[in-house]
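Chains as they are written, first to last, in full-length UniProt numbering: chain A, 1 to 330; chain B, 1 to 318; chain C, 1 to 259.
Rather than coming from a laboratory, the hints here were simulated on the basis of the structure.
Values in this document were obtained by computation on a predicted structure and should not be read as measured data.
Worth double-checking, as some hints may not be accurate.
What the hints assert, rightly or not - Simulated pairs of lysine to aspartate or glutamate, DMTMM-like, Cα-Cα distance not exceeding 20 angstroms:
| hint | chain 1 | residue 1 | chain 2 | residue 2 |
| --- | --- | --- | --- | --- |
| 1 | B | Lys21 | A | Asp327 |
| 2 | B | Lys136 | B | Glu92 |
| 3 | A | Lys48 | C | Glu176 |
| 4 | B | Lys185 | B | Asp205 |
| 5 | A | Lys325 | B | Glu76 |
| 6 | B | Lys18 | A | Asp54 |
| 7 | A | Lys325 | B | Asp78 |
| 8 | A | Lys3 | B | Asp78 |
| 9 | A | Lys3 | B | Glu76 |
| 10 | A | Lys151 | B | Glu79 |
| 11 | C | Lys126 | C | Glu176 |
| 12 | C | Lys75 | A | Asp65 |
| 13 | B | Lys157 | B | Glu240 |
| 14 | A | Lys325 | B | Asp205 |
| 15 | A | Lys18 | B | Asp133 |
| 16 | B | Lys289 | B | Glu240 |
| 17 | C | Lys232 | C | Glu193 |
| 18 | A | Lys18 | B | Glu92 |
| 19 | A | Lys17 | B | Glu92 |
| 20 | A | Lys151 | B | Asp78 |
| 21 | A | Lys154 | B | Glu76 |
| 22 | C | Lys126 | A | Asp95 |
| 23 | C | Lys165 | C | Asp178 |
| 24 | A | Lys48 | C | Glu193 |
| 25 | C | Lys126 | A | Asp54 |
| 26 | B | Lys22 | A | Asp327 |
| 27 | A | Lys3 | B | Glu79 |
| 28 | A | Lys276 | A | Glu297 |
| 29 | A | Lys154 | B | Glu240 |
| 30 | C | Lys210 | C | Asp178 |
Stated by the list, open to error - Below, a sample of chain A positions facing chain B; criterion: calculated Cβ distance under 8 angstroms:
| hint | residue |
| --- | --- |
| 31 | Arg9 |
| 32 | Lys14 |
| 33 | Pro103 |
| 34 | Gly140 |
| 35 | Lys143 |
| 36 | Thr147 |
| 37 | Arg148 |
| 38 | Pro149 |
| 39 | Met324 |
| 40 | Asp327 |
Cβ coordinates follow ideal geometry from the N, Cα and C atoms, glycine included.
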Amino acid sequence: MIKIYPLVRNEVLKIWKKRRFIVIVLILAVLIPIFTYAQLRVALNVQKQMGTEDWRIVVQQQIQDYENRVGSPRMQEEWKRWYTVEIQRLQLHLDQNIDPNSPNGVTFTNQFVANSVGLFLPLLVLVIAADLVSGEHSAGTLKLLLTRPIKRWKILLSKYIALTIYVSITVLLLAIMSYLISGIVFGFNGWMQPVLTGFEVIGSDLNLNNINSIPQWQFLVMELGLAWFSSLVVACLAMMISVLVRSIAAGMGIMLATLIAGTILTNMVSSWENAKYFFMVNLQTVSYLSGSVPPIEGLTLSFSLINLSVWALLSIFVSFVVFMKRDILN
Amino acid sequence: MGLKEEIPVLSVKHLKKKIKKKWIINDISFDIYEGQIFGFLGPNGSGKTTTIRMLVDLISPTEGSIHVCGKNVQTEHDEALKHVGCIVENPELYTYLTGWENLEHFAAMLPNISQQRIQEVVEIVGMDQRIHDKVKTYSLGMRQRLGIAQALLGKPKLLILDEPTNGLDPQGIKELRIFIRNLAKEGLSLFISSHLLSEIQLMCDRVAIIRKGEVIAVGNVDELLEQSSSTVLWGVSPVEQGKKILQSFQSIELTQLDDFEFETVTSSNIVPTLMNVEDIPLVNEQMVKAGIQVTNIEVRKPSLEDMFLTLTEGERID
Amino acid sequence: MKSSRLLWSSILIVAIITTSIFIYGFVNAIQTVVYPNGSNLTEPEAEIEEEIAPSADEIIILSLGDSLTKGTGDKTNNGYVGVVRNLLEENKDKPVYLRPFAVDGYTTEQLLDFITTQSGVRTAIKESNLILMTIGGNDMFSPGNELDLQTSEQLMKDALANISKVFAELNALNAEADIVYVGLYNPFSEIDENGEVALFVQEWNHEVFKMTTAYKQVMFVPTSDLFYKNTKSFLSSDVYHPNEEGYKRIGERIVNVLQ
Chain A
1 MIKIYPLVRN EVLKIWKKRR FIVIVLILAV LIPIFTYAQL RVALNVQKQM GTEDWRIVVQ
61 QQIQDYENRV GSPRMQEEWK RWYTVEIQRL QLHLDQNIDP NSPNGVTFTN QFVANSVGLF
121 LPLLVLVIAA DLVSGEHSAG TLKLLLTRPI KRWKILLSKY IALTIYVSIT VLLLAIMSYL
181 ISGIVFGFNG WMQPVLTGFE VIGSDLNLNN INSIPQWQFL VMELGLAWFS SLVVACLAMM
241 ISVLVRSIAA GMGIMLATLI AGTILTNMVS SWENAKYFFM VNLQTVSYLS GSVPPIEGLT
301 LSFSLINLSV WALLSIFVSF VVFMKRDILN
Chain B
1 MGLKEEIPVL SVKHLKKKIK KKWIINDISF DIYEGQIFGF LGPNGSGKTT TIRMLVDLIS
61 PTEGSIHVCG KNVQTEHDEA LKHVGCIVEN PELYTYLTGW ENLEHFAAML PNISQQRIQE
121 VVEIVGMDQR IHDKVKTYSL GMRQRLGIAQ ALLGKPKLLI LDEPTNGLDP QGIKELRIFI
181 RNLAKEGLSL FISSHLLSEI QLMCDRVAII RKGEVIAVGN VDELLEQSSS TVLWGVSPVE
241 QGKKILQSFQ SIELTQLDDF EFETVTSSNI VPTLMNVEDI PLVNEQMVKA GIQVTNIEVR
301 KPSLEDMFLT LTEGERID
Chain C
1 MKSSRLLWSS ILIVAIITTS IFIYGFVNAI QTVVYPNGSN LTEPEAEIEE EIAPSADEII
61 ILSLGDSLTK GTGDKTNNGY VGVVRNLLEE NKDKPVYLRP FAVDGYTTEQ LLDFITTQSG
121 VRTAIKESNL ILMTIGGNDM FSPGNELDLQ TSEQLMKDAL ANISKVFAEL NALNAEADIV
181 YVGLYNPFSE IDENGEVALF VQEWNHEVFK MTTAYKQVMF VPTSDLFYKN TKSFLSSDVY
241 HPNEEGYKRI GERIVNVLQ
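Turn these sequences into a full structure, and let the hints steer you where they fit.
Okay, here's the thing in structure tokens:
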């Protein structure tokens, strides 16, 4: 009996030596400064318009702006709902004297993770997951793997574990690089800065009964936990595609198209309720923490997590069945 | 020989495979014993690769069974494949790893392979110089050697090589041949597939010839070669003198046609012979010298090699 | 692979630690969102009233009030506030900033509540050099509804009381800034045949003007004359709010008053 441990080590080292991780580091190293700069421009622009850095004035102005938008007869109902909830959320921050956008590296990281979880983070995961099986297939090395005296399910399981390891490291890397790069511009403190969480959106109202003020580091950890889970689900689905589709390009294309379709759907499906069963619209689990209006009415964190889990388990099941039964013909 | 009582290293029984409603492999059976070099000869597309893939559990057979050292490859995957080292088709290794890292990778998939063993197989295939370079910088010959090193890691009882001479230069082929002989001397059994008879002839003790998924001949290479004379029909006049000349060649054997064939032969001055086709010009020259009229030379059954060559002609593209 | 032992152990250790943290965060997030356990919020401490004074190096314009100040009807949405801002920017060499706080449909009551309770706007008021405001129209008329002067007359009283408090509050927060109250005009002059509405508007303006005289920095800027003739050409399509041209005239008048 060969234990699973050396197999996992093999897989982890192969992914590393394929230099996939360097690709991820490079993507982050190029894009995070761009996002940081964009964020800086927004801050500077507000300051230029209003002549202040006082967050209360900025937030107050934002509330007034949203109130005008809600009052506008041309505004669509879903947007009105979004603005109404947002006004309540901002107002609570004002009342509690908590800056929702305090400019520091931790806040930037928080917002960056929240914005990445729907598309950017899944794409990074794809860089690693997309060719884990199909890559070995097209390179022919899969034949060698499967002719070793090890059962096929163990080989696939070792790949899943290695993938989990890299998903963890990728999410960590995203957070660390975002903190370090944005910290240069916005400053490195903010760990203990309070944030509000525990919002529950009911219709166009916020349930304020369970709101908690927690230090920002704790919020970040919860957020990373949810982002990690979403990434893991994407990784499982990418793995299934990698098992089913032999061509790396086709597999990558399928996953990309699905994920991008997800972001398009989240922007337009609010009236099509059954769209909530797609995994793509459930990926943004992080938004439940900060009390944003979900893309489809009726989506909750529990629903999203259960939905994602079902998708992930199904994909794992399909992967194992196909991988264990299939004839390797070429 | 007492060999018959021992368990064959590889035993294939009534192997069949149907892919998309088509029988790709139709009833293949053979056994390989310890220390044997077994050639698996057939043109491209005859089912060699499919058979090899079934031997190492990449494809599951539709019918039949494969046992390695008495263990069923399908049901006792780990125990059976523990004894098998193989290169299926090309020696495809991880090009982004070094040779050494590749060996470590596959060593980790076998029980109890020490660093010394890895060093040993590196030395066996003579790769010490370049073993720490990335595989993508290797020539095909070096990849072939690394592939063999990988296959030898677990001290297998059976080594399966699929077209091992592909892409090698004549010098490399010669070295490989010596190498394989040495392995067999140490008690290893080898299963070598090829589409070239000459290669099998030089390397193997026993051979199975496969065509369209069926074994058309199995036996010792020498025996098969002896049988490889063709039936040549000589139309000569006068007949008796012609027969004498034919008999004067040691390699030519006069024969009888079977009934079916006889019906198709209309002329009475036909002499059927078993002979090597290459000798025909020489015999013909003798005939002419002796003033015998040769009215007809007809080759009826091709030799093993000819038969094999015709099979392979035009089938080079897989 | 033995040759990568260090690499492998580093990856493994980092991954184990990271994964544990993430699992903790994940569970924690579920607890917080799915199984909430009440709120830990306390009543925020009474706001420390910071001493902020407007700076002389810049001009901060604060706009307060209703849709007229927000600029409804102006396609560029700048309104007269935008006109004032641009003109001041041309005339003065100081940086000019604008903080728009006006909301469509605001009444005097809402405005009073807004500036007394909201810390953001209170800070903004303290920092301002110039406050521009319109308020009161929504208390007495609402666009679209039938004009009923009798009711409006009754509503005027409360509205004026609120405005008085607004002025007092603004003065308390910032006694230095110029405060411009933009008077009401009569958008109905073309249907107002016996001048009833005009008189009513004039009465309102007069009452507010009386209040402004109590504060030296509060200015009442009349606008009804600007919309007296050719009213329609200065009104937007809702025949209630001014259009760009109308706002331009209001803005120019304010700048003239300030100079």
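Status of each hint after checking the structure:
no.: 1; hint: Lys21(B) x Asp327(A); in the structure: holds, 15 angstroms
no.: 2; hint: Lys136(B) x Glu92(B); in the structure: holds, 11 angstroms
no.: 3; hint: Lys48(A) x Glu176(C); in the structure: violated, 23 angstroms
no.: 4; hint: Lys185(B) x Asp205(B); in the structure: holds, 12 angstroms
no.: 5; hint: Lys325(A) x Glu76(B); in the structure: holds, 15 angstroms
no.: 6; hint: Lys18(B) x Asp54(A); in the structure: violated, 76 angstroms
no.: 7; hint: Lys325(A) x Asp78(B); in the structure: holds, 16 angstroms
no.: 8; hint: Lys3(A) x Asp78(B); in the structure: holds, 12 angstroms
no.: 9; hint: Lys3(A) x Glu76(B); in the structure: holds, 17 angstroms
no.: 10; hint: Lys151(A) x Glu79(B); in the structure: holds, 10 angstroms
no.: 11; hint: Lys126(C) x Glu176(C); in the structure: holds, 9 angstroms
no.: 12; hint: Lys75(C) x Asp65(A); in the structure: holds, 16 angstroms
no.: 13; hint: Lys157(B) x Glu240(B); in the structure: violated, 58 angstroms
no.: 14; hint: Lys325(A) x Asp205(B); in the structure: violated, 36 angstroms
no.: 15; hint: Lys18(A) x Asp133(B); in the structure: holds, 15 angstroms
no.: 16; hint: Lys289(B) x Glu240(B); in the structure: holds, 16 angstroms
no.: 17; hint: Lys232(C) x Glu193(C); in the structure: holds, 15 angstroms
no.: 18; hint: Lys18(A) x Glu92(B); in the structure: holds, 16 angstroms
no.: 19; hint: Lys17(A) x Glu92(B); in the structure: holds, 17 angstroms
no.: 20; hint: Lys151(A) x Asp78(B); in the structure: holds, 7 angstroms
no.: 21; hint: Lys154(A) x Glu76(B); in the structure: holds, 15 angstroms
no.: 22; hint: Lys126(C) x Asp95(A); in the structure: holds, 19 angstroms
no.: 23; hint: Lys165(C) x Asp178(C); in the structure: holds, 17 angstroms
no.: 24; hint: Lys48(A) x Glu193(C); in the structure: violated, 48 angstroms
no.: 25; hint: Lys126(C) x Asp54(A); in the structure: holds, 12 angstroms
no.: 26; hint: Lys22(B) x Asp327(A); in the structure: holds, 15 angstroms
no.: 27; hint: Lys3(A) x Glu79(B); in the structure: holds, 15 angstroms
no.: 28; hint: Lys276(A) x Glu297(A); in the structure: holds, 9 angstroms
no.: 29; hint: Lys154(A) x Glu240(B); in the structure: violated, 75 angstroms
no.: 30; hint: Lys210(C) x Asp178(C); in the structure: holds, 17 angstroms
no.: 31; hint: Arg9; in the structure: holds, 7 angstroms
no.: 32; hint: Lys14; in the structure: holds, 7 angstroms
no.: 33; hint: Pro103; in the structure: violated, 43 angstroms
no.: 34; hint: Gly140; in the structure: holds, 3 angstroms
no.: 35; hint: Lys143; in the structure: holds, 5 angstroms
no.: 36; hint: Thr147; in the structure: holds, 4 angstroms
no.: 37; hint: Arg148; in the structure: holds, 4 angstroms
no.: 38; hint: Pro149; in the structure: holds, 4 angstroms
no.: 39; hint: Met324; in the structure: violated, 10 angstroms
no.: 40; hint: Asp327; in the structure: holds, 4 angstroms
Hint violations for this structure: numbers 3, 6, 13, 14, 24, 29, 33 and 39, all remaining hints satisfied.
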